[in-house]
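Enquirer: Going down the list, the protein sequences come from chains C, R, H and E.
This note's numbering puts the first residue of the first sequence at 1, with every later residue one more than the last.
This note's numbering puts the first residue of the second sequence at 1, with every later residue one more than the last.
This note's numbering puts the first residue of the third sequence at 1, with every later residue one more than the last.
This note's numbering puts the first residue of the fourth sequence at 1, with every later residue one more than the last.
Don't read these hints as lab results, they were simulated from the structure.
These figures come from a predicted structure and were not determined experimentally.
Some clues are possibly wrong.
[To be verified] Partial list, computed: chain H residues near chain C (C-beta under 8 Å):
#1 D9
#2 N187
#3 L214
#4 T242
#5 T244
[As the list claims (entries may be wrong)] The calculated EDC-like cross-link candidates involving lysine to aspartate or glutamate, where the alpha carbons are at most 20 Å apart (straight line), are:
#6 R/K278 with C/E282
#7 C/K279 with R/E282
#8 E/K278 with C/E229
Backbone N, C-alpha and C define an ideal beta-carbon position, used for all residues, glycine too.
Chain residues, written in single-letter form:
Number of protein chains: 4
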Amino acid sequence: MENDPLSLDEIVRRVNAKAADYCALSDRIWAMPELAFEEHRSAAEHIAMLEREGFRITSNIGGIATAFVAEYGKGGPIIGILGEYDALADLAQVSGVTEHMPTAKGAPGHGCGHNLLGSGSALAAVALKDALANEGIAGTVRYYGCPAEEAGGGKTFMARAGVFDDLDAAFCWHPAVLNEVLTKSANAAIGARFRFKGRASHAAASPHLGRSALDAVELMNIGVNYMREHMPSDARVHYAITNTGGDAPNVVQAFAESIYSVRSPHLPNAERLFARVKKIAEAATMMTDTSMTVQIIGGCSNVLPNKALQDVMYENMRRLGPPAFDEADLAFAEEIREAALTEDDVLASVAPDNISLKDVFLHDGLLAMPAHEGCDMGSTDVGDVSWIVPTAQCQTACFAIGTPFHTWQLVTQGNLPAAHKGMVLAAKAMATTAADCLRNPEIITRAKAELKQRTGGLAYRCPIPMEVAPEDLRTKAV
Amino acid sequence: MENDPLSLDEIVRRVNAKAADYCALSDRIWAMPELAFEEHRSAAEHIAMLEREGFRITSNIGGIATAFVAEYGKGGPIIGILGEYDALADLAQVSGVTEHMPTAKGAPGHGCGHNLLGSGSALAAVALKDALANEGIAGTVRYYGCPAEEAGGGKTFMARAGVFDDLDAAFCWHPAVLNEVLTKSANAAIGARFRFKGRASHAAASPHLGRSALDAVELMNIGVNYMREHMPSDARVHYAITNTGGDAPNVVQAFAESIYSVRSPHLPNAERLFARVKKIAEAATMMTDTSMTVQIIGGCSNVLPNKALQDVMYENMRRLGPPAFDEADLAFAEEIREAALTEDDVLASVAPDNISLKDVFLHDGLLAMPAHEGCDMGSTDVGDVSWIVPTAQCQTACFAIGTPFHTWQLVTQGNLPAAHKGMVLAAKAMATTAADCLRNPEIITRAKAELKQRTGGLAYRCPIPMEVAPEDLRTKAV
Amino acid sequence: MENDPLSLDEIVRRVNAKAADYCALSDRIWAMPELAFEEHRSAAEHIAMLEREGFRITSNIGGIATAFVAEYGKGGPIIGILGEYDALADLAQVSGVTEHMPTAKGAPGHGCGHNLLGSGSALAAVALKDALANEGIAGTVRYYGCPAEEAGGGKTFMARAGVFDDLDAAFCWHPAVLNEVLTKSANAAIGARFRFKGRASHAAASPHLGRSALDAVELMNIGVNYMREHMPSDARVHYAITNTGGDAPNVVQAFAESIYSVRSPHLPNAERLFARVKKIAEAATMMTDTSMTVQIIGGCSNVLPNKALQDVMYENMRRLGPPAFDEADLAFAEEIREAALTEDDVLASVAPDNISLKDVFLHDGLLAMPAHEGCDMGSTDVGDVSWIVPTAQCQTACFAIGTPFHTWQLVTQGNLPAAHKGMVLAAKAMATTAADCLRNPEIITRAKAELKQRTGGLAYRCPIPMEVAPEDLRTKAV
Amino acid sequence: MENDPLSLDEIVRRVNAKAADYCALSDRIWAMPELAFEEHRSAAEHIAMLEREGFRITSNIGGIATAFVAEYGKGGPIIGILGEYDALADLAQVSGVTEHMPTAKGAPGHGCGHNLLGSGSALAAVALKDALANEGIAGTVRYYGCPAEEAGGGKTFMARAGVFDDLDAAFCWHPAVLNEVLTKSANAAIGARFRFKGRASHAAASPHLGRSALDAVELMNIGVNYMREHMPSDARVHYAITNTGGDAPNVVQAFAESIYSVRSPHLPNAERLFARVKKIAEAATMMTDTSMTVQIIGGCSNVLPNKALQDVMYENMRRLGPPAFDEADLAFAEEIREAALTEDDVLASVAPDNISLKDVFLHDGLLAMPAHEGCDMGSTDVGDVSWIVPTAQCQTACFAIGTPFHTWQLVTQGNLPAAHKGMVLAAKAMATTAADCLRNPEIITRAKAELKQRTGGLAYRCPIPMEVAPEDLRTKAV
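Just chain C, with the same shape it has in the complex:
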C-alpha cells in the first residue's frame, strides 16, 4: 500500500512532527502537579491543545469536573486513546538531580509519570487525527481525559456514564522502565470504608457500660482472617485501620473505622467475597453491641487482555524499536542508580523473568510476549474500559531501571529527555496500532470476538453502585 497515510512510517512522521509540542505539554503538567479530582489546570491545558487541533470537547463526564472527551472525525471505527494527569501528595521534587530535594513541603508531585501519560496519549490522538484529516479517511478518534487514577477510579465513573460504549478499540500506556506490550490481566477490586459506632465509658471505672467500636474493628479483622482459609487462593482481602477511636487507653473507644480492599481475577467473585466481608462487619457489631455503616469508596473491573490487539501492537513496537537513548541519558540513569536506587529496587524492576536486564541502566530492547497471560494482583480502572471495548496497553522505558513508582526518584526524571523519548515511543505504538485497526477492520472484528469470548457474553456492569459519587473516592483509594 503505497503512500498509505495510515502506514507505520506515515504515523511515525506525524508523531515526530508534533512530539516537541506534547513533550512541552508534559513538562508543563509536570510543573503543575494536581491531586486526584483536583486536576483543573491540567485538564484545561490538555483541552486547550486538543481544541486547537480541532477536537470537539465534552466536559464534566460522569459527574467529574476534570473528566473530558475530545473527539475528531466522524463515522467509521471509533478509536479511543486514554490519558491521565493526576499527581500524588508529598512528592514535589527538583528535576534532574540524584538526591531528595523537595520543592515545597508536602506539595504534590508526578510520582507516577501521569504528566507523560496524558501528553503521550494526546500526541497519539493528534497524530492519528492528522492522518485521518489529511486524507479524509472515515473514522473517529477520541482522547479520553481520565482523572483520579490514583484515587482508584476515574475511568470507572466514566464507564458508568457510558462514554466508552460506542468505541471499537481503546489504547493506553504507562511510562515505566521497560518496553513491552502489557499482556496480563489485573484483579477486579472493591474498596469500602467501615465506620463503627459504640459507646464511650471510662475504661477503668465503668468498662461494662462501654461498647467498643475498636473491638468491632478488631473482631471484623479477626473474622476476615478466619475467612482467608475459606476463600479462593487467588483472591485478596486487605485492610487498614483509619480511625482507632483515640489515643487514650482509659476511654472505651466510641468510634473506629477501617478500610477494606477486596480483589479477585473475576469481578463477580470479588463482589461475592465483598458481601462476605460486609457480613463479617455486621457480625462484629453484633458481637460488640455497636453499629456500623459501609461506604463503597472505589471499585474497578478486572482487566480483560486482548491478544488480537496486543499482537498488532507488539509487531509495531518491534518495528519501531526502543527509544534512542544517548550518552547523556545513560549517564544520568547510571548516576541516579548509583546514588539513589538499591539493588532491591533494580530486582523489583526487572523481576526474575528478565534478570539479565539488571545490569542495564535504560532499557534498549523490547520484552517478548509471554507464553501465559498471568494476572497482576493489583488493580486498575483500565479494567472497566477493557470490559466494554477491546483494549491494548503498552509501557515504555522512560526512567532508569530500578526506579520505583511513587517516589521522588521517579519525579526527578519525569521531564528529562529520556522520559520524552519513552513517551514519544508510546505515542507511536498506540497511534500505529490504532491506524492498523482503521485500515484493517478485520483486526477490530477479531478483537471484538475475543472480548465477547472473554466476557462470556456478560455485559459490562459497573462495580461502583450508582449511589456512590466520585466525591466519595476523594478520601481514599482502593
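With chain C fixed as given, assemble chains R, H and E onto it according to the hints.
Expert: Just chains R, H and E now, with coordinates in the frame of chain C:
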C-alpha cells in the same frame, strides 16, 4: 415452755430415736449410686420409708420421674425440707480405705455425699412429723425428693411446676468438712449448648468450598473474650468445646459444638448477659457462613439468703454443738489425710478465714456467722427455692478436713460413722429450726418480709424456659 | 485551749484574710492554661506568691522544670500540702456562659479545675504558715508544686526523687461538685507504649513477603482479651491503638503502636499483670515475625487511705459547714444544668448512694463517711505520696451538680464565685486538719501506725523505673 | 526385535499367566483388612507368594515390622515396584451389594483399595521377574511392601532407611475410577501434634488462678489464621482440635491438644512454614502462661513427576487399551450408582476436565496427558520415593465412576471382577514400562537427568526427623 414438743430437746430426742434407720437408708443409697435423672431405686427407697411414716406421696413432679413430694399434717405453717440422692459418674469406690479402689470400672459413686443429704433431710422431716403427730399440733411438713442436682437443676424444674409456692419456710443442708450455717448468696446461672453446622471440604484441595463450624466455635469464643472487658466484673462466662468436628486436620469441620455457662449474682443480669452471648454466637455464624442452634441445658436462680432463718438456725447449732467424733473417727481422718489428701486440699477446705482449722482432722466446732454475706461464684438450684420461700441451709462435718468434693476420697468416707454423725447433726439443725418456726410464727413473718425485701417485690421467674424439658439437661450440667 | 493559734477559728480567720489574693491567683492560672510539663508561667506565679510570703523555694524537682517545693518553718512535724496547675488540651472556653464558646481553636483550658487546686492548696499552706509564724510555733509547712497530673505522674517522679520522705502528714483536695472527705483507695497503674516493627509489602501482589506490625498489635489485643478471664476481677487492662501503620490497605503495615494501661488495687499485682501483658506482646511478635520495643510511659501507686487523718478532716468539715452559695451562684448552676448538662451527667455526679442530691444545683451539705472504704478503679499520683506519708484528701463543691470533668462546662465555671467558695472551703479543711496534727502529735502517731499497717511494712517503691524520664510521659498519660 | 522377552506382548502374556493367582491374593487381603502398622498377616501373605516365586526377602525395614523388600535378579538396572496393603477403620462391608452392610461393628475395611494395590504391584513384579528369569537377562526387580500409607508415611520411613537409594526407576499405581497416567505433583506435608498444659481451676470461683490450655489452642489457631495472609498462596495449613480439655465449662481446661498439617509444593517451604507455625504455638503458651510439646506425626516430600517415564507408560497404556468390562460389570456399576452414589460424587470423580465421562458407569478409555503438570494439594508418601528415583504412577478403573474413596461403596466393589480387571491392567502398565526401561537404558538416563533437574541437584532429605519413630505416626495421619 415446759415439755414443749417443739423444743430443741424434744426434737433432738426424736431425731435420735430414728437416726439409725436413716443412717441405714443413707448407706443403702450409698451402695446403689444412680446418676442424675436415673435415681429410680433411690427415690423408691426414700418414698418407701416416708410412706411407712405416714407421709402422702406425690410423684413425677415437674415431668421428672424421680422427683416427688412427701407430705404430712395439715394447715398451719408449711415447712419444706429438701433432699437429694443423685450420684456422679465414674466414682465407684470401696468404703473406708485410704487408696483409690474402684468397685467397678466407670461405675457411679456418691462423690457429693447426696446419700447423706437425702437421708438426713428425711430424718429431719420424720422427726418433725413425729413432734407434730404426737401432740396434734397444726402444721404441715413436706419432704422434697429433688433429683438431678448434679445435672444442674432438678429443683428448678420443680419450682417451675409450682410445688414450692405454698411453703412458709424451707431448709436444706450439705454434707461437708465444716459445721456452719450457710450465709452466702450464690450466682444465678444459665447453661446452653451451641451447635454449629458448616460444610465439609478437603482442607488442602478445596478449603474455599468448606465452611468451618469449628471456626464458628472459635470466633464465638473470641467474641466472648472481647466482651469480658465490657461486662460486670462480678459476672462469669465460661465454656467448653464439646465437639470439634473430628480429629482429621485435612477435613474442613462441618460440625462443632460448645457449652456455655453464664453466671451473675442477679438473674436478670445473667439473662441479659446470656442474650449477648447468644448474639455473639449468631454473629460467629455470619462470619463463617454457617448455621447454629442454641439449646438451654440448665439454669438456676441466685440464692437469696435469709438472715431471719439463719440466725435461728445458728443459735440451734450453737446449742447442739459439733458432732461427737470419737478416736476411731479421728484416726481414720488422720490416716486419709496422710495418705490421700494434699496440703492444697486442706487449704482449699478451710480457706483463709479459718486457717487455724488446717491442723484439725475433723471439725469439732461451729464457724461464726460472717459480718458480710458475700456471694459464691458457683451456682445451685436451691437458689430457685430461695426466691419462692425463705430458705436456710447449713453444712456439717461429715468428712475429714481437706476432702475435696467429687473425688473417691469423699466416696470412701460416705458411709462411715463420722459421716453418720454429721448427717444426724444436720437433721437436728434443720428440724429444730423448723420447729422454732412452727411454734413462733413471728420468725416466718420476719423471714417472709426479708424475702420480699430481697426480691424487691419481683415474683419468681423460672430461668429455664417452658419449652426446655428435664430431658434436655441429662447431657450436661451448667 | 483559749486563743489557740491553731484552733479552727483562728485558722479560718487566717484563710479568710488571704482568700481574695489566692482566688485572684486561681483566676490568673485559669486564664493562662498550660499543658502538663509546660506549666512554666503557672509554676512561676505560684512561686512568686509563696516567695513573697517568706517560703524557701527549691525548683526543678525530680528532673521536672515545673515541679517545686516551697518550705516555711523548721523542725517539729512537717506538713505537706499538694497543689497542681496543669490544664488540658482543646478546652479553651469563655467564662460564665452556658454554651460552648471556645476562646481559641485547639487551645488548652482548665477542664479539671487545677487552677483552683493549686491556688487553694497554696492558700492553705500560707494560712498555716501565718499561724506558725505568728506565734513562733515549731513545725514546718511545705507547699508541693506538682505538675503534670494529667500526664499521669508528676508526683510519682517527685516521690522517686525523695521529696516526700520526711513529711509527717500530707493533704490534698480536688475541686468537684460535692463536699466530702475522700475515703476510697484508687488503683495502682502502669502505662506503657508498645511499638511493633514488621516489613512492608504490597498487600495484593506480595502479601507473603510482608510481616504486619498491625497484625502484631491486633494479636496482642486478642491475647490480652483472652487473659481477662484469668486475671483478678478487680484489675483493669485497657488499650488504645496509637499508630495503625498507615491508611492504605494495599500496603502491609510495617509499623504499628499501642498504649496499654494496667491497674490493680495493689501495685505488685499491677506489676505482675503488666509482666503478663508484656509477655503477650512478645508472643504477638513471635506470631507475626515482627519485633517490638516497650516503653514505660507512666505509673502510680494505689492510694492508701488514712482513716486517722480522714476522721479529723471530717470533723473539721462538719464544723466548717458547706460553702455559702448565694442566689446568683444557684441561679447560674440551675441555668447551666438546664442548658448544658444531661440527666445522665447528674446521675453520674451523685451516684446511687446520694441519689437525693440529684435535685440540688449546688451541694450545700457534707457527705457522710461511708461504712466501707471501697476502691476507685481510676488512678492518681497522690497514691505515691500516700505510700510515703499519711495523706488525706477532700473535695468541695465548686461546680454545679452534674458538671463532668474534662469538659467546657467545667471550664466555664472555673473562675466564678461558687468555685472560689468551694476552693476556700477546701483550704480551710486542709489547714485546720494540718493544724490539728501540729497541736496534737498523737494524730500523726496514729496516722503513721495506720500507714505502716496498710503497707504491711513494705517501703515505698516507685512504679516508674529509674531509666524512665519525665520526658517520656509527655506523649501520653496512663 | 523379534520374540523380545521384554516386549509388550510378552509381558502381557506373563501377566495374564499369573493374574488369577494375584487376584486371589487381592481377595484374601480384602478379606483380612488390617490397619496401618498392623498389617502382619497381609505382609506375610505377600511375602509367601513372592518367596515362592524366588524373591529374596528383607523384612522389618526402617523399624517397621510390616515393611519388607522382595528382590529378584542381579546387576543391571534395578527396578522398584511399590505395593501397599493397609486398610481403614470402621469400613467392614459385605461385598457386591448396593447398600451399607457392615460385616462387623467398627471393624476395618479396604476403603482405599490397597488390597488391589499391593497385589497388582506384586503381579507386575512377578511378571517382570519371569521375563528376566526366562532369558537370563541382567537386571534386578524389587517389590517394596509399603505399610501404613493411610497413617501418612510408611514409604517415608523406608526412604529414610535408604532402601530406595540404588533404584533406577520406580513404579506405582492406585485403583481408581479412571484410567490415566498420573502427571501431577503433590504437596510436601508435615504433620504435628501440639499438646498444651495449663492449670485447672474452678471457672466461676477462681478463674484467675487457672491457666487455660484451651485458650492456648485457640490462640495458636488465631495466630495461624493471621499468618495466612502472609504465607504463599499455594501453601496450606489446617488443623483439628483433638482434645479440648473436657466437656465441663466450669473447669478451666488444664490440657488441650491440636494437630496441624502444613503443606507446600516444595518441602523446604513446608518446613519454613512449619517453623512459623511452631513459633506461633510457643507464642500461644506465652500468651496464656501454659506450656507445650510438639510431636512430629508425619511428613512426606512433594511428588516430583517424571515425564520421561510417564511418556513411556502412557504409550504402553494406549497400546494396552482399557479394561475389558463386560455386561455384568457395567450392570453392577449402574446399579450402585443408582442406589448409592450422588450426582456430586460423580462430578467429583470426573472433574470439569472430563465432564463428558459423567454419563459413563465404568471408564473404558484413557485420559490424555494434560498440557500442564499442576499440583495436587494433597500429599502422598510416594513423594519421598520420587525424590530418590525416577518414579511413574498410573491409576486404572477398578470401581464405578462416582465411587468416593474411604467409603463402604468402594469396599463393596473391592473384590469384584471389574476391580480385578483394573488391577491387571495396572500390572501390565507398570511391567511393560519397567521392561522398556530394562531394554532401553536410555529411558533411565533421560529419567535420571530429569530428576536431577527437578531436584535442582539437592539430595533427598527425609522430612521426618530421625528421632521420630514409626510408632509416633500410629495415632494420626497428616
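Enquirer: None of the hints should be skipped; say for each whether it holds.
Expert: Each hint, compared with the structure:
1. For H/D9, the suggested interface contact is broken, since its CB lies about 39 Å from the closest CB of chain C, more than 8 Å.
2. Checking H/N187 against chain C by beta carbon gives a least distance of about 7 Å; that is within 8 Å, so the hint holds.
3. With its C-beta approaching chain C no nearer than about 7 Å, H/L214 sits inside the 8 Å limit, and its interface hint holds.
4. A least Cβ separation of about 5 Å between H/T242 and chain C falls short of the 8 Å threshold, and the interface hint therefore holds.
5. This hint holds: H/T244 has a C-beta 4 Å from the nearest C-beta of chain C, less than the 8 Å allowed.
6. For the hint linking R/K278 to C/E282, the alpha-carbon distance of about 15 Å falls within 20 Å, and the restraint holds.
7. Between C/K279 and R/E282 the CA atoms are separated by roughly 12 Å; this keeps the pair inside 20 Å, and the hint holds.
8. Distance hint between E/K278 and C/E229 is fulfilled; the C-alpha atoms sit about 19 Å from each other, no more than 20 Å.
Comparing the model with each earlier hint shows a violation of hint 1 alone; every other hint is respected.
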